[in-house]
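Colleague: Just so you know, the sequences run in chain order Y, P, S and U. Residues in the first sequence are numbered from 337 upward in steps of one, following this note's numbering. Residues in the second sequence are numbered from 337 upward in steps of one, following this note's numbering. Residues in the third sequence are numbered from 337 upward in steps of one, following this note's numbering. Residues in the fourth sequence are numbered from 337 upward in steps of one, following this note's numbering.
If you are wondering where the hints come from, they were derived from the structure by calculation, not from laboratory data. Certain hints may be false.
Repeated chains share a single entry, so a pair holds when one copy, or any two copies, can fit it.
[Stated by the list, open to error] Calculated lysine-lysine pairs in the PhoX-like style (CA-CA distance at most 20 angstroms, straight line):
(1) K464 <-> K518
(2) K575 <-> K415
(3) K575 <-> K560
(4) K342 <-> K575
Being a predicted model, the structure only gives us computed values, none of them experimental.
Protein chains: 4
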Amino acid sequence: MIVVMKAHSDAKDVERVLTFLENHGLSGHPSSGVERTVIGVLGGVGPSGAPGSIGGINPSLGEALESLPSVESVLRVSKPYKLASREFHPEDTQVDVPVPCVADGVGGAFKPSTSPYGFRGMGEQGLKLLSKARSEFGMAVITEVMTPTDVDLVCEYADILQIGTRNMQNYMLLDEVGRTNKPVVLKRGMSATIEEWLLAAEYILAQGNRNVILCERGIRTFEKVTRNTMDISAIPLIKHLSHLPIISDPSQGTGRRDLVTPMSLASIAAGTDGLLIEVHPNPDEALKDGAQSLTIQQFQALMPQIQSVVHAIGRAVVTK
Amino acid sequence: MIVVMKAHSDAKDVERVLTFLENHGLSGHPSSGVERTVIGVLGGVGPSGAPGSIGGINPSLGEALESLPSVESVLRVSKPYKLASREFHPEDTQVDVPVPCVADGVGGAFKPSTSPYGFRGMGEQGLKLLSKARSEFGMAVITEVMTPTDVDLVCEYADILQIGTRNMQNYMLLDEVGRTNKPVVLKRGMSATIEEWLLAAEYILAQGNRNVILCERGIRTFEKVTRNTMDISAIPLIKHLSHLPIISDPSQGTGRRDLVTPMSLASIAAGTDGLLIEVHPNPDEALKDGAQSLTIQQFQALMPQIQSVVHAIGRAVVTK
Amino acid sequence: MIVVMKAHSDAKDVERVLTFLENHGLSGHPSSGVERTVIGVLGGVGPSGAPGSIGGINPSLGEALESLPSVESVLRVSKPYKLASREFHPEDTQVDVPVPCVADGVGGAFKPSTSPYGFRGMGEQGLKLLSKARSEFGMAVITEVMTPTDVDLVCEYADILQIGTRNMQNYMLLDEVGRTNKPVVLKRGMSATIEEWLLAAEYILAQGNRNVILCERGIRTFEKVTRNTMDISAIPLIKHLSHLPIISDPSQGTGRRDLVTPMSLASIAAGTDGLLIEVHPNPDEALKDGAQSLTIQQFQALMPQIQSVVHAIGRAVVTK
Amino acid sequence: MIVVMKAHSDAKDVERVLTFLENHGLSGHPSSGVERTVIGVLGGVGPSGAPGSIGGINPSLGEALESLPSVESVLRVSKPYKLASREFHPEDTQVDVPVPCVADGVGGAFKPSTSPYGFRGMGEQGLKLLSKARSEFGMAVITEVMTPTDVDLVCEYADILQIGTRNMQNYMLLDEVGRTNKPVVLKRGMSATIEEWLLAAEYILAQGNRNVILCERGIRTFEKVTRNTMDISAIPLIKHLSHLPIISDPSQGTGRRDLVTPMSLASIAAGTDGLLIEVHPNPDEALKDGAQSLTIQQFQALMPQIQSVVHAIGRAVVTK
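Start from the sequences, fold in the hints, and give me the full structure.
Modeller: In structure tokens:
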């Protein structure tokens, strides 16, 4: 951390900040410029992962410092996440998942609905239908879990758990899926920064579950023509900042069937590790999200295009 | 709902939409303009509040219609919430709460923290401390509840439940607090539209709990100088659209102590029914959110200013 | 246009709207639902491009209607742009430009700078240097024009004019470049909707210049890690809504050199017609925007990757 | 400025940055923490206002530094504006303007219109009408100027110049109005940060015109119910950061007549120095912006409420 003093602060103000830092087990190193003094802050106990400290510095301390009367601002130097960071774990993490997957193909078990009068899923009955589809067609099951008490139930039936965009910061749910060892697809919150997203992943990792897959699904902007604005740059950025795999959801990300194909190809070209694509034999009759689902014909037409771009960037499609 | 057909659609396309509507129990009334045909859709069973229908129209139908090939767009005419709307309930709702309140005054029970390494509250021990403060100082207790299984526990100790910004769309939590009869402060999600916010309130109302208090606490924008951007216009807008009371949280809404006073006064001038203000005897030593807490002196200086503006707009401060 | 009446409006209210419409040369067709009456509005003179009308309807009329006391809202059915729309001109427009281009390679003539103390370009001297580069290396010149009175001067030296993001709604500048026949690269405003962007293009087209090239360069969001958030979905959306070519600027769009390569490839996969990439022999010494410029080595490494993805989606690179 | 080195950078990397700084006339002061080295940068020539330097530091240098391979990020310590800052000029600036004003009351001279087919003002004829209104009713004239070549003409007729939201970063226009001595109302860009807004003011101030009045008119967010989201917190923030007066435009800021009164009162409570309110004898027949104009009766009802809140916060209404 770096503490920037106000323009007209004096030696006594600086002294007060240094004392504050010492009281919290830290040391400050002032350096005076022409216009201002800044104080570099050194943490105590090194890069520990202990609760309450990041590199030895409590994340609330910055705020406390900022409220001292002679302090202009506090600049953070270290990243606030550790287990999710590439600095901590330079190698790519691989999460083993069966492919292809059937995701909520027959109505879904637990579905978030903006309106209390919308379709909210079929609960355990939905899970049983998904499970039946798995054994019949040999597909893996991915489904959303919305509350901590459902985690055990969903784990019984599903191969992959999904945390939806509205629950990205449902911390008790993150804790709970962190205590399982199932792969977890963590969707980006609809206005989450990259840093908040990685901190949500950190919650799961901190409980011991290392099988976290991030999923870009569009962010909320002022644009009204699309449901969300897909942040394709999040793909290479996550690759830069973290070792976790990232996949892309162009169906949710755009809300428009006609954009799914170009945004799938764009995601791949940008380095995505996977795609979540909604397909429906008859989208016009889907209970939910029909407008963003591909028909089976459209999906079949997309597959060779995907193959082609995957190949063009020197990667390969896994079809275990 | 109004269905707008594509520019070059023909009579057969219109026929297909009409059939689709009939299959879903609705009737369509086409009217052809110079450039386009639009189809007015009339609902079936009137303004019922039954799950699965709003004025008889399933909220997912619009999406399904939009995905028909000859349809350009679907325009919604009715509001998707009912119990929360002023049309349904023209009189202001009054929620009886004891004032003043002590909110998380001694550390808090359950605290959302962006980082897993931040302070997450003291759980039941925190609730007991709050409860002790209540009996000693005669103040009411308001505290956050973060997951459905904690609702009963928190209800035992608290006078008012709070749903935090990150949980505004935690639907199972909304259901659960909807089954109590405690007053619920529902904070606006950090990028929630007014409509989504009222739909979240609708979840609580639909379960039978009519004691919902909305709380504006700032939205996320591109601006970096403040933590959030307070949407003061939400106050008169909510008054226009809904009968529910709305309060304002300038501490969270700005994240800066020096803005709490002007934004408190602005909220009152705009018609807020209450204020949530963070106060700390020594903000520099607060475990959390010190930078946005007033000192006791600052709070005491604010009170007469509040009185003065409340009086100026012809209202009165309740100090039961 | 469709006028939605308030819930409790009566026959007299509807009559008043119908009279208002007639007074403005339009006809209204009311249809009453269970809860509300809506009025379809038919324009007068068909799809004329005359100033003051779109399909015969003045764009300000909607606002006037919305302010009538018994009107809840006004829904627009037609698109407000015409010359830029694919409906009006179904075939792709091709704009002939020489490639490759040198864009501001030696300092630039007119440069927008957020600070009055930043580098603002070299004016006519910069144009002369650009022109010299053109004749020496056989490259075309693209450069920004910032004010109407400079348009003639810049036209003398440049092959392509550029309208920067801050000037996307500088209407007198749009008029002026619309009166030339030079190709114009129109950058998207930093928080412009797709519709506003196409309306800005409409300004140029309406003056007679059909050589408009749209350029996606990132929009402003809450995210802080990148300078802007590239809206890759704008590429296929523009292709859907308009016949105009669209190019992509990953240097400005991300502000980070390490993201230029993946976002170039993503743009191509999404269907972009071209790329604007900043390259500098020694970016660390660039007067401006060094952090987002590729080195010549990086650019050379990118070219075959571009070729490969272009080929994968069934298109070809033009190198006239 | 503070340069934060990457986690694994070594002494040679630090040396390279120090050399870079020296080559640009600056000195660097490294300090090594447990995890990282940071380098404080001291400027050369002190707080000069000379073009090309802020406290001696060229604003583009930060970018150049950030692109050095071993640099993680560059943190700015000083504010990039000077003449507009309260640090530079602690006393409030008072701009003498005649009140009340008639602003574009009869159609307006130059009007920005999103569509080329909308109403764009009456040019010089509009100016003459405004001028006539001035002499007849003794009101001052404020009107928008949209391009540098119109500045002289508008100055002949108007008492106050207005720069619209779309032109906040039209730098040549800012330069030109900076060369006059007329009061200038500078509207905030629709997605401008507070810092960019003050930098735009700095352009005008840097040319010698000190009569700058900032005007908050709402920013663009995801919310769709209002045209813009008024950022009321900008009022006390600007008061904190700058000595310039700030006024508030609730008509543009909300786009809805029913919100003008509460947002006017909120602006005053937050400390605004003035209000821009659109009033029309018959808003339903206004050529533009009728939906956000008050009727004369509504305006007359608002005035005593304004008086009352102004008085409540201990200020007074000036009616020269």
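Colleague: Against this structure, judge whether each hint is valid.
Modeller: A quick look at each hint next to the structure:
no., hint, verdict
1, K464 <-> K518, "within (18 angstroms within a copy, 36 angstroms between copies)"
2, K575 <-> K415, "within (15 angstroms within a copy, 33 angstroms between copies)"
3, K575 <-> K560, "between (29 angstroms within a copy, 17 angstroms between copies)"
4, K342 <-> K575, "between (37 angstroms within a copy, 17 angstroms between copies)"
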